[in-house]
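Input sequences plus hints: build the corresponding full structure.
Chains as they are written, first to last, in the numbering used here: chain A, 836 to 1295; chain B, 836 to 1295.
Hint data in this document are derived by calculation from the structure and do not stem from the laboratory.
Check the hints yourself; a few may be wrong.
When chains are identical, the list treats them as one kind, so a pair holds in a single copy or across two.
What the hints assert, rightly or not - Cross-link-like lysine to aspartate or glutamate pairs, in silico, EDC-like; alpha carbons within 20 Å at most:
hint, residue 1, residue 2
1, K888, D1039
2, K1240, D1206
3, K888, D1038
Just so it is clear, the structure is predicted and the values come from calculations on it, not from any experiment.
Number of protein chains: 2
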Amino acid sequence: MKKITSLFLLLSFQEVSFSQAPHVQSDSAMIASIYNEVMLNGECYENLRYLCKSIGHRLAGSESAQKAIDWGKSTLELSAADHVFLMPVEVPHWTRGTFEYGGYTLSGNPREVALTALGGSVGTDGKRITAEVVEVKTFDELKALGADEVKGKIVFFNKPLDATLINTGAAYGGGYPIRGQGPSEAAKLGAVACLIRSLTLADDNYPHTGATNYEEGVKRIPAAALSAVAARQLSQDLKNNPHLQFNLQLSCEAFERTMQANVIAEIRGTEFPNEYITVGGHLDSWDIGEGAHDDGTGIVQSIEMIRTLKAIGYKPKRTIRAVLFINEEFGNDGGETYARVCKETGLVHIGALESDGGGFTPVGFNCDISDTQYERVQSWLPLLEPYNLFRFRRGGSGVDIRPLKDDRIALFGLNVDGQRYFDYHHTNNDRFENVNKRELELGAAAMTALVYLMDSIGFN
Amino acid sequence: MKKITSLFLLLSFQEVSFSQAPHVQSDSAMIASIYNEVMLNGECYENLRYLCKSIGHRLAGSESAQKAIDWGKSTLELSAADHVFLMPVEVPHWTRGTFEYGGYTLSGNPREVALTALGGSVGTDGKRITAEVVEVKTFDELKALGADEVKGKIVFFNKPLDATLINTGAAYGGGYPIRGQGPSEAAKLGAVACLIRSLTLADDNYPHTGATNYEEGVKRIPAAALSAVAARQLSQDLKNNPHLQFNLQLSCEAFERTMQANVIAEIRGTEFPNEYITVGGHLDSWDIGEGAHDDGTGIVQSIEMIRTLKAIGYKPKRTIRAVLFINEEFGNDGGETYARVCKETGLVHIGALESDGGGFTPVGFNCDISDTQYERVQSWLPLLEPYNLFRFRRGGSGVDIRPLKDDRIALFGLNVDGQRYFDYHHTNNDRFENVNKRELELGAAAMTALVYLMDSIGFN
Chain A
836 MKKITSLFLL LSFQEVSFSQ APHVQSDSAM IASIYNEVML NGECYENLRY
886 LCKSIGHRLA GSESAQKAID WGKSTLELSA ADHVFLMPVE VPHWTRGTFE
936 YGGYTLSGNP REVALTALGG SVGTDGKRIT AEVVEVKTFD ELKALGADEV
986 KGKIVFFNKP LDATLINTGA AYGGGYPIRG QGPSEAAKLG AVACLIRSLT
1036 LADDNYPHTG ATNYEEGVKR IPAAALSAVA ARQLSQDLKN NPHLQFNLQL
1086 SCEAFERTMQ ANVIAEIRGT EFPNEYITVG GHLDSWDIGE GAHDDGTGIV
1136 QSIEMIRTLK AIGYKPKRTI RAVLFINEEF GNDGGETYAR VCKETGLVHI
1186 GALESDGGGF TPVGFNCDIS DTQYERVQSW LPLLEPYNLF RFRRGGSGVD
1236 IRPLKDDRIA LFGLNVDGQR YFDYHHTNND RFENVNKREL ELGAAAMTAL
1286 VYLMDSIGFN
Chain B
836 MKKITSLFLL LSFQEVSFSQ APHVQSDSAM IASIYNEVML NGECYENLRY
886 LCKSIGHRLA GSESAQKAID WGKSTLELSA ADHVFLMPVE VPHWTRGTFE
936 YGGYTLSGNP REVALTALGG SVGTDGKRIT AEVVEVKTFD ELKALGADEV
986 KGKIVFFNKP LDATLINTGA AYGGGYPIRG QGPSEAAKLG AVACLIRSLT
1036 LADDNYPHTG ATNYEEGVKR IPAAALSAVA ARQLSQDLKN NPHLQFNLQL
1086 SCEAFERTMQ ANVIAEIRGT EFPNEYITVG GHLDSWDIGE GAHDDGTGIV
1136 QSIEMIRTLK AIGYKPKRTI RAVLFINEEF GNDGGETYAR VCKETGLVHI
1186 GALESDGGGF TPVGFNCDIS DTQYERVQSW LPLLEPYNLF RFRRGGSGVD
1236 IRPLKDDRIA LFGLNVDGQR YFDYHHTNND RFENVNKREL ELGAAAMTAL
1286 VYLMDSIGFN
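As structure tokens, this is what we get:
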């Protein structure tokens, strides 16, 4: 009897071992073939070169954004997706214009300042605003000054991001309210314009643009960001001459909203074609630089995911989509429209994944998922760790896919080493040359591996 | 009785809780203060600027290496170390000379080739070698050709590194034997010179130097590395004209060995001053570029460790040393000498840590440690994970500290995101501008945190 039991136990264990091992082995082999395909035959780097160098920056509503939409569609068609189509999206149309000037004279010497208008800023009506500058760090400091000290002046928010925060996104988050609400808070006290220190951790002379959000019912005043170097200099000069006269001229202009489109490609599912997995980034960028890390990289990685699954001959169970969202930067119209249309048409998602943290080395995934889903993805980590993917970090996924949130969907964001991201973000320096080929490719491969795991194993 | 037991249990648990919590809390607070000090007041980036821009590259045996030794000593003195001294080390003295040329004529058009001599190569005696080129990928291919096909020709090893390996160090390791032994293997079959494709994963026009090791008793032939672009071009041109005549001229020269020094700084231990922890990088570099990532970053991080411990007022139990090793690149004289002197003087190490993978974002530590030590460091991970330090990876530490290996010492190497490392490694492009301030600082802080843990908790 003892012998039989042992044999029985042995067989049971073997069965467990056999029933699990091939699965794990095939997952592991599939992920290896994804990585090999991307690292040896990847097209995302050359696609990024084209997007950055031949199209360039592409603010939603602009002609170049339209070119990017056409390029996205034809590139996805070349990737052998089963079906590529456009989804109309209404977007704003704002231009910086061709002229921006900031400067002042100190002890008879003119000093020009590196600045750029915040996205959505009003212009200065072809005139130059000349006014004294009042420097503050916080909204509380501003309010403490009161209208008497602020009226008729230019408010200058000069607060560096917190360098002690290890995750640069958290540091950026700390400065974000000043860019968004600073101009309206200043206007409430009678300021004639608003300057902010750029939201960056770098100490250089690139000004960083980005959306500002005028509060309804508050006077819209011109708003611009100074480079870190210019902000330090101005602060120093204000100590020497608190009454210096700052000159500001911006030629921004807002137009009627216009129609552009999300670009969507899909590989139809073979078993559950009505269950969707969406992978995307945003096709629009700010209107300076080349929108390389923000978010050309997310775009070419999403296209690479489709190309790679096709190239290795993978037939997904679910329907896999790459979505090139339009206008993340300036109101999230692409993401909002996509989620609305999915809801209206009863389209069911099991997962979505976004890449919008730059084309840097991935370290894992951010996730906005249930406890059960979290347990599931933790079990995938041993398959991902050989590729230096260390974690699923709860909290946050991406702006474009967030509107898809419901009780079922698992949302993920590619989590990259973001130390350099806010050096380039929204500047003239966000260029193709600052993207490393392997780092970009590793991100694309990591995304494709997660799509494979979501599709083949799922969350049931 | 039941009540008393419960109270007893409660008290016991509280005691456990009190005896552990303050320790964990103080470790966590101490590591936070290390990171804050480095990220807010760090001097390593400006130190690196000086080392790269005011001293520049510093091949062991050269005058600039001597300048770097003097700079290292005075910078460590400024860091408030208790004691700074030099340890004499005998090093080789080799120069590239001022002239390097490679090229050929194809269909009447001259083509100059981006190449650079391998470290230690002999020169061409003021003459130009002109010979046919035979291209191979491996030693086996070379041997299969035999002396008949090789004699009087230039052997060209043209094998790209394996891009599918995720850890670039492993890819580099795969190419390393060709640089080290290629020239002697070619010479054994009568080759007159040897060219190799640079050991890089980048597709650019920078040639990468690095030591070659002539085999004793084999004729020493001139050896140089071609850039990736030049190697591809030459290979293509050889297909069109297998008999093209390659011209090679190198002005390298070897001199008598000479005396330089390791620079050593220490903070004396307060409880166990005779137990040592050594932290270091190598002060020498190759003689092109600025030796920024290799290994200026390891040098300034080691100095920063000393500065930071002093700045936050930490009084170590053990004696902590920063060692700026001389001549890692060309025979490891600094590391060998240091270990020998430590052994001769009976100096006992509990741990050593090296940074020689570039000043990129750290992801953890490599380690060459016992199972018991591994268990200990794994228990430190929760303290390190908030800083995105994900792992202790077994295998490998660093070339400079490896000679210290004995039954007791725990050896560590800073494990960084090395995707870009072999783009810069041993090239004219290994420059200060390619080092990111925060990435460098995070490495310095991670190193200091590990030193703190080794010192305060240790391995007993």
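Hint check:
{"no.": "1", "hint": "K888 with D1039", "verdict": "between (24 Å within a copy, 18 Å between copies)"}
{"no.": "2", "hint": "K1240 with D1206", "verdict": "within (15 Å within a copy, 45 Å between copies)"}
{"no.": "3", "hint": "K888 with D1038", "verdict": "between (26 Å within a copy, 18 Å between copies)"}
When held up to the earlier numbered hints, the structure conflicts with none and fits them all.
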